[in-house]
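Student: Chain order of the listed sequences is U and C.
Every letter in the first sequence is one number past the one before it in this note's numbering, and letter 95, counting from 1, is 1450.
Every letter in the second sequence is one number past the one before it in this note's numbering, and letter 15, counting from 1, is 37.
By construction, these hints were calculated from the structure, which means they are not laboratory data.
Quantities reported herein were computed from a predicted structural model and do not represent experimental measurements.
Beta carbons are placed, not taken as given, at the ideal position from N, Cα and C, and that holds for glycine.
There is no bait here: all hints are sound.
Now the in silico label distances, taken between C-beta atoms and shown as ranges: (1) Q1409(U) x R80(C): 31 to 39 Å; (2) S1441(U) x E67(C): 19 to 27 Å; (3) N115(C) x R1385(U): 18 to 26 Å.
Examples of chain U residues lying across from chain C (beta carbon under 10 Å, computed): (4) Y1390; (5) Q1392; (6) F1400; (7) N1411; (8) G1413; (9) L1443; (10) C1446; (11) A1447; (12) A1455; (13) V1456; (14) T1457; (15) Q1460; (16) F1462; (17) G1463; (18) P1464.
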Amino acid sequence: KAGVTQTPRYLIKTRGQQVTLSCSPISGHRSVSWYQQTPGQGLQFLFEYFSETQRNKGNFPGRFSGRQFSNSRSEMNVSTLELGDSALYLCASSWRTSGAVTDTQYFGPGTRLTVL
Amino acid sequence: DAKTTQPNSMESNEEEPVHLPCNHSTISGTDYIHWYRQLPSQGPEYVIHGLTSNVNNRMASLAIAEDRKSSTLILHRATLRDAAVYYCILRGNSGGSNYKLTFGKGTLLTVNP
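I would like the entire structure built from these sequences, with the hints used as guidance.
Tutor: Printed below as a string of structure tokens:
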């Protein structure tokens, strides 16, 4: 079974631009979560989607948004990029929705975003 | 969310056992203890999880203290491929910890050849 895939793997943008990152979950998984990883803050939860609906959201500004399609693929968008948005963006998929505390989350390799 | 405390770093030699500790003194009765690890330049990967009893799988063993205030991840024979940051995470149905993984700083494990 193919793992979680994320595209692109690397991205360079300038301040003020917007960016869209894509995540394809493991086949059959319906939940996709997004995380941001920076050296200073570590791994932080952005949001979770299940059945095309955002179920939970972390403490990030409205510039960060996402969506999920009927095939469970997900995209996240960051508008008006700031230097501090430079990070590794990880998506994780799982079979069940939030609340399944024994469910394993499977992570992709991440998208490395650099904002200049 | 209930907090976990791990040493910043640990070192081991190849083919020796490694015991990675985690303290979680404020754990609630319904919190599961999960371990993930992140190898260099990769996303985190699941290692093991448990509630009360010790657990074993092909990757590792998880020893949980009787009072559940601490746990230990055991790698029986460390290999160079086990060099990673190991995260101990609590997931339960209280405090909003059910729908997300709350990562701390983790323990950086170095494996010497």
